[in-house]
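Here is what each chain is made of, one letter per residue.
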Amino acid sequence: MTNFLFWNLHGNPIHEIISRLAHQHQIDVIILAECRISPATLLKALNPLGSADYFYAPIFGCEKLEFYTRFSSGYLLPIEESARMSIRHLNLPGIIDTLVAAIHFNDKRNWSDDSQMMAIGNFARTINDVEDRIGHKRTILVGDFNMNPFETGMVSTMGLHATMDRRIAQRVERTVQKETYTYFYNPMWSLLGDASPGAPGTYYYNNSEPRTYFWNMFDQVLIRPELLDRFNNTSLKIIDQTGDVKFLNEKGQPNSAISDHLPILFKLEL
Amino acid sequence: MDSLWPKLDRNVPSAPVAILKEQASLLGKSTQNLVIAEIETLQVVDTTIKLKPFGLADVSNLMMSISDKSFNSSLIFQYAFYLVAPALNHYRYQLFLIGYGIDFYPVHFRLDSDVQQELGISEASDIVVQTEEQFLGILKTIFSAEKTQRVIQAIWTQSEALATNSMTEL
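Note that the protein sequences, when read in sequence, are chains A and B. For the record, in the first sequence the residue sitting at position 124 is 124 according to our numbering, with numbers rising by one throughout. For the record, in the second sequence the residue sitting at position 32 is 32 according to our numbering, with numbers rising by one throughout.
It should be emphasised that the hints constitute simulated quantities derived from the structure, not laboratory data. All values reported here derive from a predicted model rather than from experimental measurement. Ideal placement from N, C-alpha and C gives every residue a C-beta, glycine not left out. Treat the hints with care, as some may be off.
Here are some, though not all, of the chain A residues that point toward chain B, as calculated from beta-carbon distances under 7 Å [stated by the list, open to error]:
(1) PHE60
(2) PRO78
(3) ILE79
(4) GLU80
(5) ALA83
(6) ASN110
(7) ASP194
Restraint ranges, calculated between C-beta atoms of paired labels, are given here [stated by the list, open to error]:
(8) B:ALA18 - A:ASN128: 18 to 28 Å
(9) A:PRO197 - B:LYS140: 51 to 61 Å
(10) B:PRO13 - A:LYS108: 24 to 34 Å
(11) A:ASN232 - B:PRO13: 38 to 48 Å
(12) A:ILE168 - B:GLN130: 39 to 49 Å
(13) A:GLY243 - B:ALA161: 51 to 61 Å
(14) A:ASP165 - B:LEU162: 36 to 46 Å
All chains should be modelled from the sequences, with the hints used to inform the complete structure.
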């Protein structure tokens, strides 16, 4: 079982909390956005004196995402990057060869929904290109998409083509106007709202616009059909505390002193 | 039958992609081919969302119009510019996209967001250049940007380290 954690840190120095989470859940791959903690600081927190569990996976070009691994970072080398996306090749001996793509997409303060929709197509194309290069589509895409699972950029064939239904994703691809598009499965749909386990979303935003969701599910993991047999929905969690440290404030919203986003945790049987 | 075609003149300005390819070929000479550049032709996707003019900006003395974020079907030629490390399993870093129509100019750029920030241009804007001179100017600006230099240094150093390790193992 390979355990993944993604968290947008909101630039906060919460290395001790990350370390607690990592050890509590035996995280193998930690992916961080808006991380201003130096690798030295976080490594010292992750590796108490006398231990060397975690490694820092050096950055080449994508400076908006940081990777830490519980194995030599040489097994998670980047293959293709841009400012906001890093696609890495996980080829650890003994587990199935997988592509791990992470994204920290442009936010809605700076980009309209239309602009997000147009730009996400470039990311989708890049993932397809890398899959063609590597020769398989065993890909997970995780990160802060700054879009909800139901938005056009997430669902459309022009975007990431991520469906809420595992059975539909297992059809592998869909042809629209003679072009074929591979599905992603988006399990985050099942965690939307207050009747789902954990918090209603990963990010809370309240404004005076007529349309306000309050809770948003900006932090997501998408899984290609080839990996679905290796993913159990019950392993996917929005985490709201570690030990006695609660990530929600007294109103039940993310405590921005820790982070304005909640972390997500998921496991794959690789 | 006589040819009805007029005398065809190929004496037209260089296509922007030809300039890009020439510049791409020059990078390897400075890095012993440990870092090279590649141009990839993008498949143009038909979107229905059109350009919305936004305003004007002056960056590094280049007059460029800025439009709302959009790479759309009106830009029939679209290319991605990558920095590539052949020795690192062909690692690629996408530095920018360009798009243009049948007339070559204007050329629309979508820059790496860090480079764009470095140039003081809002991330929500595309850069549009109107002439070859402006095109060459913005290329020079992008290639000289700190972020571009950081990426080149990172993959160059890593490639060098790999080469050194390989020699040691021998």
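Q.
Hint by hint, where does the structure go against what was stated? Just the numbers, ascending.
A. 7, 10, 11, 13
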